[in-house]
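Engineer: Sequence:
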Amino acid sequence: MLPNLKARRITGLQLASKHLGPVAKCPPRYSEEDWDYNNKIKFRITCDQEKLAERIVEESRRVVDETKDTTKNWQREVEHHMRERTSEIRFLVDELNRQKKTAMLEDETLNTYRNRVLNAIEFLKDKSLAICKQCLILREGRIGVDLCDDEVDRSLRRELKVIKGCQGLADAALKEAEEQIRKLRAAMYLLDQDLSAKDKSLAIDEKNLKLKEFQQDLGKGQDLSKQHCQFSLTEWQAQTYENLEANAKALVSAGQLRAYIDLLLKQVCEDMQNQTDRTNEAFERRIAETKHVKQCLENKHKDTMDHIHQVQRNMSELDREMSDKQRAITLCQTRLSNRAHRPGLELTCDMVQDALYNELQALKASVCKLNQKLNENKASMRYLMHVQVMQEEEINIKANSCKIDEVDCMTLRQALKYTSF
Numbered sequence: 001m002l003p004n005l006k007a008r009r010i011t012g013l014q015l016a017s018k019h020l021g022p023v024a025k026c027p028p029r030y031s032e033e034d035w036d037y038n039n040k041i042k043f044r045i046t047c048d049q050e051k052l053a054e055r056i057v058e059e060s061r062r063v064v065d066e067t068k069d070t071t072k073n074w075q076r077e078v079e080h081h082m083r084e085r086t087s088e089i090r091f092l093v094d095e096l097n098r099q100k101k102t103a104m105l106e107d108e109t110l111n112t113y114r115n116r117v118l119n120a121i122e123f124l125k126d127k128s129l130a131i132c133k134q135c136l137i138l139r140e141g142r143i144g145v146d147l148c149d150d151e152v153d154r155s156l157r158r159e160l161k162v163i164k165g166c167q168g169l170a171d172a173a174l175k176e177a178e179e180q181i182r183k184l185r186a187a188m189y190l191l192d193q194d195l196s197a198k199d200k201s202l203a204i205d206e207k208n209l210k211l212k213e214f215q216q217d218l219g220k221g222q223d224l225s226k227q228h229c230q231f232s233l234t235e236w237q238a239q240t241y242e243n244l245e246a247n248a249k250a251l252v253s254a255g256q257l258r259a260y261i262d263l264l265l266k267q268v269c270e271d272m273q274n275q276t277d278r279t280n281e282a283f284e285r286r287i288a289e290t291k292h293v294k295q296c297l298e299n300k301h302k303d304t305m306d307h308i309h310q311v312q313r314n315m316s317e318l319d320r321e322m323s324d325k326q327r328a329i330t331l332c333q334t335r336l337s338n339r340a341h342r343p344g345l346e347l348t349c350d351m352v353q354d355a356l357y358n359e360l361q362a363l364k365a366s367v368c369k370l371n372q373k374l375n376e377n378k379a380s381m382r383y384l385m386h387v388q389v390m391q392e393e394e395i396n397i398k399a400n401s402c403k404i405d406e407v408d409c410m411t412l413r414q415a416l417k418y419t420s421f
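Position 372 of the sequence shown, counting from 1, maps to 372 under UniProt numbering, and the rest follow consecutively.
Calculated directly from the structure, the hints in this document are not laboratory data. Possibly wrong hints are sitting among the right ones.
Under the rule of at most 30 Å between Cα atoms (straight-line distance), these lysine-lysine pairs were calculated in the DSS-like manner [stated by the list, open to error]:
| # | residue 1 | residue 2 |
| --- | --- | --- |
| 1 | LYS183 | LYS198 |
| 2 | LYS200 | LYS183 |
| 3 | LYS68 | LYS212 |
| 4 | LYS417 | LYS133 |
| 5 | LYS294 | LYS133 |
| 6 | LYS164 | LYS127 |
| 7 | LYS417 | LYS125 |
| 8 | LYS161 | LYS133 |
| 9 | LYS175 | LYS101 |
| 10 | LYS125 | LYS175 |
| 11 | LYS161 | LYS266 |
| 12 | LYS133 | LYS291 |
| 13 | LYS266 | LYS164 |
| 14 | LYS198 | LYS100 |
| 15 | LYS266 | LYS175 |
| 16 | LYS100 | LYS249 |
| 17 | LYS200 | LYS100 |
| 18 | LYS198 | LYS249 |
| 19 | LYS378 | LYS302 |
| 20 | LYS175 | LYS100 |
| 21 | LYS164 | LYS417 |
| 22 | LYS300 | LYS378 |
| 23 | LYS200 | LYS72 |
| 24 | LYS198 | LYS212 |
| 25 | LYS294 | LYS403 |
| 26 | LYS164 | LYS403 |
| 27 | LYS125 | LYS266 |
| 28 | LYS266 | LYS183 |
Let's have the full structure, built from the sequences with the hints guiding it.
Structural biologist: In C-alpha cells form, the structure reads like this:
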C-alpha cells in the first residue's frame with residue numbers, strides 16, 4: 001500500500017527533454033481510498049510501536065528486578081563466602097600466631113640450653129683441662145725416685161681422657177643445638193611470611209566486607225575478570241599446613257634435643273665429678289704415703305744423729321785412752337832407758353827387766369787395738385754421715401713431693417666442683 005503511494009507520487013514527475021532536469025508539475029490528487037488507507041496504516045504503525053514500547057518497558061522492569069535480585073543474591077553469596085574466608089584466615093592467623101609464640105619461646109629456651117653447653121665447654125677447657133695439665137706439669141717437678149709413674153699420674157691421664165671425651169660430646173651437642181636453632185628460625189621465618197601475607201589478605205577481605213555500593217569513595221575498579229589466580233585453594237591450604245607441620249616438627253625436635261642436652265650435661269657432671277673424686281683420692285693416698293715415708297725418714301735421721309753422737313763420744317774416749325797408753329809407754333820406755341845405765345854386772349835381765357819388756361809390748365798391743373777401734377769408729381762415722389746426708393736428701397725429696405701434691409695440685413683442684421651447667 002505505501003509503496004503504491006510512493007509510486008503514484010513519483011509518476012507525477014516528467015522530463016521536459018532528454019538532457020534537461022525535471023520540471024515540477026502540480027502535485028497529484030489522492031483519492032479518498034488513499035487517504036483512508038494512509039490513516040489506517042499510520043494508526044496501526046502507532047499502535048504496534050506503542051505495544052512494542054509497552055512490552056519493552058515491561059521486560060526492562062522484569063530485567064531490572066531480576067538483575068537486582070541476582071545482584072543481591074550474588075552480593076549476599078560473595079559476602080557469605082568472604083565472611084567464611086575471613087573466618088578461615090582468622091583461624092589460621094590465630095594458629096600461626098600461637099605456633100609463632102610457641103616457637104619464639106622454644107627458641108629462647110633453646111638459646112638458654114645452647115649457653116649451658118657453651119658454659120660446660122668453657123669450664124672443661126678453662127678449668128678442668130687446664131688444671132689437669134697444670135697438675136701433670138707440676139708433678140714433673142718431683143725429683144729423685146719420687147719422679148715415678150704412680151697411681152696419681154695414671155689417674156690424671158684418665159681424667160684428661162675423660163675431659164677430652166666430654167668436650168667431644170659437648171661440641172657435638174653445641175653443633176646440634178645451633179643447627180636446631182637455625183631450623184627453628186627458618187620455620188619461624190616461613191610462619192612470619194605466611195602470617196604477613198594472611199594479615200594483608202584478611203585486611204583486604206575485611207575492607208571489602210565494609211564496602212557498600214552507595215559509598216562515594218569506591219573509586220574506579222579495574223576489570224580483572226580475565227586475570228587468573230596463580231594458586232588454588234588446595235595449594236593455599238597445603239602451604240599453610242606444611243608451614244605449621246614444619247614448625248611443629250622443629251618444636252618436637254627442639255624438645256627432644258633439650259632433653260638430650262639435659263641428660264648429656266648431667267652425665268658429663270657425674271662422669272667428671274666421679275673421675276675428679278677418684279683422682280683426689282689418689283692424691284690423698286699418695287700424700288699420706290709420702291708423709292708416712294717422710295716421718296719414718298725423719299725418725300731414722302734422729303736415730304742416725306744419736307748414733308753419730310755416740311760414735312763421736314766413743315772416739316773421744318778412745319783418743320783419751322790412747323793418750324793414756326802413750327804416757328804409759330813413755331813411762332815404761334823411760335824406766336827401761338834408766339835401767340840401761342846400770343853399771344857392770346848389775347845390767348842383768350832380771351824380772352823387772354822382763355816385766356818392763358812385757359809391759360811395753362802389752363801397751364803397744366793395746367795402742368794398736370785402740371787405734372784399730374778408732375779407725376773403725378772413724379769409718380762408721382763416715383758411713384753415718386753419708387747416711388745422714390742421704391736421709392736429708394730423701395726428706396727434702398719427700399717434702400718437695402708433699403708440697404707439689406698437697407699445696408700446689410690440691411689447691412688448684414679445689415676449683416673443680418661439678419654441680420650443673
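Engineer: Against this structure, judge whether each hint is valid.
Structural biologist: Status of the hints after comparison with the structure:
Between LYS183 and LYS198 the alpha-carbon distance is near 22 Å, which keeps this suggested pair within the 30 Å criterion. Distance check on the hinted pair: LYS200 and LYS183 sit about 26 Å apart at the alpha-carbon level, within 30 Å; holds. For the suggested pair LYS68 and LYS212, the alpha carbons sit about 15 Å apart, so the restraint of at most 30 Å is met. With a C-alpha separation of about 17 Å, the suggested pairing of LYS417 with LYS133 holds against the 30 Å cut-off.
Between LYS294 and LYS133, the direct Cα distance comes to roughly 27 Å. Compliance with the 30 Å bound is thereby established for this hinted pair. Between LYS164 and LYS127 the CA atoms are separated by roughly 13 Å; this keeps the pair inside 30 Å, and the hint holds. This hinted pair checks out: LYS417 and LYS125 have alpha carbons roughly 14 Å apart, not beyond 30 Å. A threshold of 30 Å between alpha carbons decides the hint, and for LYS161 with LYS133 the separation of about 11 Å falls inside it, so the pair holds.
Using a Cα cut-off of 30 Å, the hinted pair LYS175 and LYS101 holds, with the two alpha carbons roughly 24 Å apart. Proximity of LYS125 to LYS175 is assessed by CA-CA distance (about 17 Å); at most 30 Å being required, the pair is judged to hold. Taking the CA atoms of LYS161 and LYS266, the gap is about 18 Å. The hint holds against a cut of 30 Å. A C-alpha spacing of about 24 Å is found between LYS133 and LYS291, which places the hinted pair at or below 30 Å, so the restraint holds.
Pair hint LYS266 plus LYS164 holds up; C-alpha atoms about 16 Å apart against a cutoff of 30 Å. The straight-line distance between the Cα atoms of LYS198 and LYS100 is roughly 14 Å, inside the 30 Å bound, and the hint therefore holds. Note on LYS266 and LYS175: the hinted pairing holds, with a Cα-Cα distance of about 18 Å set against a maximum of 30 Å. In summary, the hint linking LYS100 to LYS249 is supported, as the alpha carbons are separated by about 13 Å, within the 30 Å threshold.
Distance hint between LYS200 and LYS100 is fulfilled; the C-alpha atoms sit about 17 Å from each other, no more than 30 Å. This hinted pair checks out: LYS198 and LYS249 have alpha carbons roughly 22 Å apart, not beyond 30 Å. Under the criterion of a C-alpha separation no larger than 30 Å, the hint pairing LYS378 with LYS302 is consistent with the structure, at around 20 Å. The straight-line distance between the Cα atoms of LYS175 and LYS100 is roughly 24 Å, inside the 30 Å bound, and the hint therefore holds.
Between the alpha carbons of LYS164 and LYS417 the distance comes to roughly 17 Å, so the proposed pair stays at or under 30 Å and holds. In summary, the hint linking LYS300 to LYS378 is supported, as the alpha carbons are separated by about 20 Å, within the 30 Å threshold. A C-alpha spacing of about 27 Å is found between LYS200 and LYS72, which places the hinted pair at or below 30 Å, so the restraint holds. With a C-alpha separation of about 23 Å, the suggested pair LYS198 and LYS212 falls inside the 30 Å cut-off, and the hint holds.
With a C-alpha separation of about 12 Å, the suggested pairing of LYS294 with LYS403 holds against the 30 Å cut-off. For the proposed pair LYS164 and LYS403, the alpha carbon gap of about 28 Å is at most 30 Å, so the pair holds. In summary, the hint linking LYS125 to LYS266 is supported, as the alpha carbons are separated by about 18 Å, within the 30 Å threshold. A distance of roughly 26 Å separates the Cα atoms of LYS266 and LYS183; the hinted pair therefore holds under the 30 Å criterion.
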